[in-house]
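Number of protein chains: 2
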Amino acid sequence: MSLPSISIPQARRIAVDVTGAQIVQEESPATRDSRGIYLPHYIEAVSHIAIDIGGSLAKVIYFTRSSHPVPTTPPRSDPSSPFLAPAQTLSSPTSSSSSTLPHAPDSLASSSSSGEFHPPTPRPVINGALTPGILSNARAQSRSGSPARPKKRGGIGGHHRFRRTSLPDPLPGGLVNFARFETERVDDLIEFLQDLIADSARANRVSLDQMKSMVKVMATGGGAHKFYDRLTTELGVEVRREEEMECLILGLGFVALIPEEVFWFSEELVYKVSHPETSANGTPVPITIPAAELPRPSPTPPMYQVSFAPAGDDTPVFPCLLVNIGSGVSIVKVDEDGSYERVSGTSLGGGTLWGLLSLLTDASTFDEMLLLSEQGDNSAVDMLVGDIYGQDASKIGLKSSTIASTFGKVFKHGDSSQRRKKAFKQEDIARSLLYAISNNIGHVAYMNAAKYGLDRVFFSGCFIRGHAATISTLSYAIRFWSKGTMRACFLRHEGFLGAMGAWIKNVEDGDDAAAGINGVAAAAVAEALQLDDALEEVSKLSIS
Amino acid sequence: MSLPSISIPQARRIAVDVTGAQIVQEESPATRDSRGIYLPHYIEAVSHIAIDIGGSLAKVIYFTRSSHPVPTTPPRSDPSSPFLAPAQTLSSPTSSSSSTLPHAPDSLASSSSSGEFHPPTPRPVINGALTPGILSNARAQSRSGSPARPKKRGGIGGHHRFRRTSLPDPLPGGLVNFARFETERVDDLIEFLQDLIADSARANRVSLDQMKSMVKVMATGGGAHKFYDRLTTELGVEVRREEEMECLILGLGFVALIPEEVFWFSEELVYKVSHPETSANGTPVPITIPAAELPRPSPTPPMYQVSFAPAGDDTPVFPCLLVNIGSGVSIVKVDEDGSYERVSGTSLGGGTLWGLLSLLTDASTFDEMLLLSEQGDNSAVDMLVGDIYGQDASKIGLKSSTIASTFGKVFKHGDSSQRRKKAFKQEDIARSLLYAISNNIGHVAYMNAAKYGLDRVFFSGCFIRGHAATISTLSYAIRFWSKGTMRACFLRHEGFLGAMGAWIKNVEDGDDAAAGINGVAAAAVAEALQLDDALEEVSKLSIS
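So the sequences go chain by chain: A and B.
For reference, each letter of the first sequence is one residue, going 0 to 543 in numbering that gives the first Met the number 0.
For reference, each letter of the second sequence is one residue, going 0 to 543 in numbering that gives the first Met the number 0.
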């Protein structure tokens, strides 16, 4: 039977069962984002480590085995069998990867050294380590003396049959882990991956070489090319390069399947954050947001009124505009069938803000910069319409608080740069520039969405970082320019689309040892791609 | 006869005879722009001083009598009868307006004190002073004992008849002068105008009160509102406020009539300035442009290959997109009939660049900042595609020199801001930010031009300042994004559109004392507005 000529761009490649997926509640104290995603029904045949190396940050994703999501029933593990890490950011030198457990957050590491000690015992489920399915098959084989997996992928009966026959031990389920490094410290990234592989070998009681043969690295982003040779040589595993934009779109299609991953700011919230209260004398009162609320939209959003798609909402994620804000900004048009085109971009992105603020403030991390901006009042440095028009502005129909010129108040003729700099507060500078960069991106994004008739704009990339002012500025820009006809959507794992795409793309291709387990579980993703019918065709084909 | 319902937005208001107009060759040493425009056939009934007070700069236009354009036969004048000023910028404190002749440039002031002295004699043409036509009429009246002007404006016979009957003495002709002040130093502006009026009174041998009664100030821009009370009180003349956008469009329609006012960069030039040569080791060689060439496109453009519309080119200026870059940026769509709408804008404009560079460099004027940028190499601070992708960039079809992230190389984790700042050259910072702001404006401008189906984008505003890198960046952005289907056009008096619009709009409305002189000379401008037919109708109406 010959294949019919139906076009299904990525459907066959995405093969992760997201049934029952949940974002874990716990997060690393070092980061405000990147909680792990627990997938109770998933297992991968070969361990895939996906990395997306951008200009400033390298993002890493890997899957570790766990029988339970962490927060509900937190199991303990011994130091040689690292417990799963919900998320981790290694952006500061002090928290960078060390020779200790690389993917265990500090809080857990300290609890494991607080007196509780579980001696290493052989356990069916190896929590927290890379534990490819092929390893279980090998174990089962060594016990039963015969291969547990079917010779060919697919077959009648679907995945339930394979779960029974090919996975007597352990049960599927595990956590997608997220980590982040500065590209400049690519050494740390490589060391982290070396440790992850070595620790997993120990946890699984196999040799390092055996472990390496069951690990593949998928690399995307510009650094996949720049560091390809180093990655291949120093990791000693197969490194595959994937195209950046394709991975972004694949990652978006996948992550949008996770409940409470996609969110947006309610109209009221956008308004509130965009219109800070003014005091009696007319100067804006800086928004004071409890630090505890900043990290991410909380699971039960109180003051943020963050909106998630209601359960059962099956609005497809495509078509949409994807605006990926890393060091620079890429704007990608995605059609209904998942085909995509990079239609625009701007060099004024995260790298610009970080660079400017690193010269203009004493902040030494991006998080410090964001904290500064929360305490600032941009009207001290920005020239507002009211500054130009005076009291008459509102009389002639202009909004006094509109920013006419970013930084327009700073230029003081004749002063020295040192004197000028002292005349302005770092907090005000940070707020002004965060707003300007975000607003400019929102503006360019709107224009592209309008050009291509798209009414949803997804913002991704590590620039956003779940930061209320950034999200509300982007949301407000989209709402303002589109007159409320478009919606700005955000993602809780916004920085990891590229890495997720590289991971997801290779899950099925990686190795056919346990491919049957994954091969039939694409339905959920296909749904997101609106390819149910097409996929049904494909299923029939692979069954027959 | 009732008026037919034809729509002619501005045609009746513009009433300046531009026959034989030329931009004078001489320019003030203090500025790189704003040469005067000589109008050999024009005279104004009442002296109109137009000011456009923006957030950062106040622009001034006024008309002074002169029988010849300066450079060809430079006449001398005595100190109390100030010689015409081709242009003047008072942007530095040392060159600010003083009690000496306010509108005489230094070079001329010194030549007049070099021994040559012409005793004050009554002369029919008062070179260089505000000399409203009404004054000539008054003189003629005092000689002949009867009023020379017709009772009603218009009438059969057109302007030739009025020239003969109402202007026996002096001959028409004079210079449109341009000056610029910082809005922060509005005191200087007011003092300048006070001196101009007082000096003109002396030159015309009338009392200050008489002079004031023949002077009107047209004010536009936000400062027209903010400083309205001060202007009215301290100048003691009528001050009229005009709407900003309308003035911009009127000014564009007028100035485009002046030969060699509109120019654009040739394709080759845009390419050359946008693609600096690279040395053997791959680092870009900064463009070194002889300082003498920078000021303005020279009348006989050598290396810049600036293109002017060929003589006799009657391409109408409308429809087009007008992008006015002051402290902030306004983007205005202009239809074929001269109607307009502000469709977009960005707060990232001249004020942003000045503000950022005043904190990040030691430059204390914008010209110093531009000079710095000419010596810089942006690749030292910007993250290029080649920096992210490494050697592979060109292999996979990307241009290594494309800027991926403005300032993307600056952020160095953990360094102090002082150390970071020292690590980067001011020149490189200036070049990067000049490019980024210009490119962003060009990008947003393109998107709006595309949205409204316009193929010409006029850039105006004091940000441009005839600066090669700015113009080529804007030109390149338009060319790049439009794939060569749009043209970026520039103006030699780019900063004065608003002021020119306010001036031109009120020429006819000002006073009917000599209105007949001007009232019928709208043909040339009407041509620009493509309103010949409509205007003919109006002419018939006013004749009958």
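None of these hints come from the bench; they were simulated from the model.
Heads up, a few of these hints could be off.
To be verified - Pair ranges (Cβ atoms, derived):
id, chain 1, residue 1, chain 2, residue 2, range
1, A, 418, B, 315, 43 to 51 angstroms
2, B, 401, A, 394, 43 to 51 angstroms
3, A, 310, B, 183, 52 to 60 angstroms
As the list claims (entries may be wrong) - Straight-line C-alpha distance at most 30 angstroms; calculated BS3-like pairs for lysine-lysine:
id, chain 1, residue 1, chain 2, residue 2
4, B, 420, A, 424
5, A, 450, B, 411
6, B, 450, A, 420
7, A, 421, B, 411
8, B, 411, A, 411
9, B, 450, A, 332
Stated by the list, open to error - From the derived model, a few chain B residues whose C-beta atoms are all more than 12 angstroms from chain A:
id, residue
10, 197
11, 208
12, 233
13, 239
14, 344
15, 345
16, 362
17, 388
18, 415
19, 426
We put the beta carbon where it would ideally sit given N, CA and C, even for glycine.
Structure-based check of all given hints:
Remark: the range hint 43 to 51 angstroms for residue 418/A to residue 315/B is upheld by a beta-carbon distance near 50 angstroms. Between residue 401/B and residue 394/A the Cβ separation comes to about 47 angstroms, which falls inside the hinted range of 43 to 51 angstroms. Taking 52 to 60 angstroms as the suggested C-beta distance range, the pair residue 310/A and residue 183/B conforms, at roughly 58 angstroms. Between residue 420/B and residue 424/A the CA atoms are separated by roughly 17 angstroms; this keeps the pair inside 30 angstroms, and the hint holds.
Distance restraint check for residue 450/A and residue 411/B: the Cα-Cα separation of roughly 37 angstroms exceeds the 30 angstroms cut-off, and the hinted pair is therefore not satisfied. Of the supplied pair hints, the one linking residue 450/B and residue 420/A is violated, its CA atoms being roughly 40 angstroms apart against a limit of 30 angstroms. Distance hint between residue 421/A and residue 411/B is fulfilled; the C-alpha atoms sit about 22 angstroms from each other, no more than 30 angstroms. Under the criterion of a C-alpha separation no larger than 30 angstroms, the hint pairing residue 411/B with residue 411/A is consistent with the structure, at around 28 angstroms.
With a CA separation close to 17 angstroms, the supplied pair residue 450/B and residue 332/A stays within the 30 angstroms bound. Listed as outside the interface, residue 197/B is consistent with that label: its C-beta sits roughly 27 angstroms from the nearest C-beta of chain A, beyond the 12 angstroms cut-off. Listed as outside the interface, residue 208/B is consistent with that label: its C-beta sits roughly 29 angstroms from the nearest C-beta of chain A, beyond the 12 angstroms cut-off. For residue 233/B, the condition that its CB be more than 12 angstroms from all CB atoms of chain A holds, with the nearest at approximately 16 angstroms.
Non-interface call for residue 239/B relative to chain A: holds, since the shortest CB-CB distance, roughly 15 angstroms, exceeds 12 angstroms. Remark: the non-interface label on residue 344/B conflicts with the geometry, its nearest Cβ contact in chain A lying 9 angstroms away (cut-off 12 angstroms). A cut-off of 12 angstroms between C-beta atoms contradicts the statement that residue 345/B is not in contact with chain A; the least separation is 7 angstroms. The claim that residue 362/B lies off the interface is violated: its Cβ sits roughly 8 angstroms from the closest Cβ of chain A, which falls inside the 12 angstroms cut-off.
Once the 12 angstroms rule is applied to beta carbons, residue 388/B is inconsistent with being away from chain A; the minimum gap is 4 angstroms. Under the 12 angstroms C-beta cut-off, the non-interface status given to residue 415/B relative to chain A is violated; the minimum distance is some 7 angstroms. Every beta carbon of chain A lies more than 12 angstroms from that of residue 426/B, the smallest distance being close to 14 angstroms; the non-interface claim holds.
Violated hints, listed in ascending order, are 5, 6, 14, 15, 16, 17 and 18; each of the other numbered hints is respected by the structure.
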